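Participant: Below are the chains, spelled out letter by letter.
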Amino acid sequence: EPEVTQTPSHQVTQMGQEVILRCVPISNHLYFYWYRQILGQKVEFLVSFYNNEISEKSEIFDDQFSVERPDGSNFTLKIRSTKLEDSAMYFCASRATGTTNEKLFFGSGTQLSVL
Amino acid sequence: ILNVEQSPQSLHVQEGDSTNFTCSFPSSNFYALHWYRWETAKSPEALFVMTLNGDEKKKGRISATLNTKEGYSYLYIKGSQPEDSATYLCAFSDFQKLVFGTGTRLLVSP
Numbered sequence: 001e002p003e004v005t006q007t008p009s010h011q012v013t014q015m016g017q018e019v020i021l022r023c024v025p026i027s028n029h030l031y032f033y034w035y036r037q038i039l040g041q042k043v044e045f046l047v048s049f050y051n052n053e054i055s056e057k058s059e060i061f062d063d064q065f066s067v068e069r070p071d072g073s074n075f076t077l078k079i080r081s082t083k084l085e086d087s088a089m090y091f092c093a094s095r096a097t098g099t100t101n102e103k104l105f106f107g108s109g110t111q112l113s114v115l
Numbered sequence: 001i002l003n004v005e006q007s008p009q010s011l012h013v014q015e016g017d018s019t020n021f022t023c024s025f026p027s028s029n030f031y032a033l034h035w036y037r038w039e040t041a042k043s044p045e046a047l048f049v050m051t052l053n054g055d056e057k058k059k060g061r062i063s064a065t066l067n068t069k070e071g072y073s074y075l076y077i078k079g080s081q082p083e084d085s086a087t088y089l090c091a092f093s094d095f096q097k098l099v100f101g102t103g104t105r106l107l108v109s110p
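Same order as they appear, the protein sequences are chains Y and D.
Numbered according to this note's numbering, the first sequence spans residues 1 to 115.
Numbered according to this note's numbering, the second sequence spans residues 1 to 110.
Don't read these hints as lab results, they were simulated from the structure.
As the structure is a computational prediction, the values presented were derived from the model and not from experiment.
Honestly, I wouldn't trust all of these hints.
In silico SDA-like pairs for lysine to any residue, Cα to Cα no more than 20 Å straight-line [as the list claims (entries may be wrong)]: (1) K42/D to G98/Y; (2) K97/D to H10/Y; (3) K42/Y to K78/D; (4) K103/Y to V99/D; (5) K103/Y to M50/D; (6) K103/Y to K78/D; (7) K42/Y to K58/D; (8) K42/D to T7/Y; (9) K103/Y to E15/D; (10) K103/Y to H12/D; (11) K103/Y to A46/D; (12) K42/D to I60/Y; (13) K59/D to N101/Y; (14) K42/Y to E83/D; (15) K42/D to F61/Y; (16) K103/Y to Q9/D; (17) K97/D to Q111/Y; (18) K78/D to D94/D; (19) K97/D to E1/Y; (20) K97/D to P2/Y; (21) K42/Y to Q81/D; (22) K42/D to S9/Y; (23) K42/D to F65/Y; (24) K103/Y to Y31/D; (25) K97/D to R95/Y; (26) K42/Y to A41/D; (27) K97/D to E59/Y; (28) K42/D to E1/Y; (29) K103/Y to K58/D; (30) K97/D to L30/Y; (31) K97/D to T7/Y; (32) K57/Y to M50/D; (33) K42/Y to K59/D; (34) K42/Y to A86/D; (35) K97/D to I60/Y; (36) K97/D to F65/Y.
Example chain D residues on the side facing chain Y (calculated, C-beta under 8 Å, incomplete) [what the hints assert, rightly or not]: (37) K42; (38) I62; (39) G79; (40) Q96.
Where a beta carbon is used, it is the ideal one built from N, C-alpha and C, also for glycine.
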């Protein structure tokens, strides 16, 4: 079965450094998402992306965050200057349509640790 | 702020036990309710997406029910097996985005 892949699986960085988390969504999917889960808390929505632009973003997704689809396959999340509170598991997800009664396909996540 | 609650937070059962968990969500602006199963070090995987009040879905030993009027969904596992050990996440949709609960962590001992 097709799957969403994420790299790296773990990323350790120093506070203030830039990180780029990478995702390859399922090839015929058009809608892409980033979620994160801080340890012990809920899975939180960050941003949705369709047709090469952000369609919705949460309050968490401030100016330090950006997303890009640099080519036909990759979907990246960049955190410009990481903070301690950015430490979390970051999940990429995709689906074929934008309707929320369709299931999401998730990657296995990138565990980001900011020291 | 949309609030989705799951209970219990964690559960430890013996192999063969049947178990159930609850997801509570807002009863207004309902569009869909998702259940995902998340095993450690793997991707969360969709179990069910339910849209209609009274919906019941089944996948093997796992089933789910939906009550949109009172805002809850139950997930049932019949005859739990160690491989059912995972975190079970529900997510509520109000047309625009999914809002997740904190999950129920299930451990099934042999």
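Participant: What hint numbers does the structure not satisfy?
Facilitator: 1, 2, 3, 6, 7, 9, 10, 12, 14, 15, 16, 17, 18, 19, 20, 21, 23, 31, 32, 33, 38, 39
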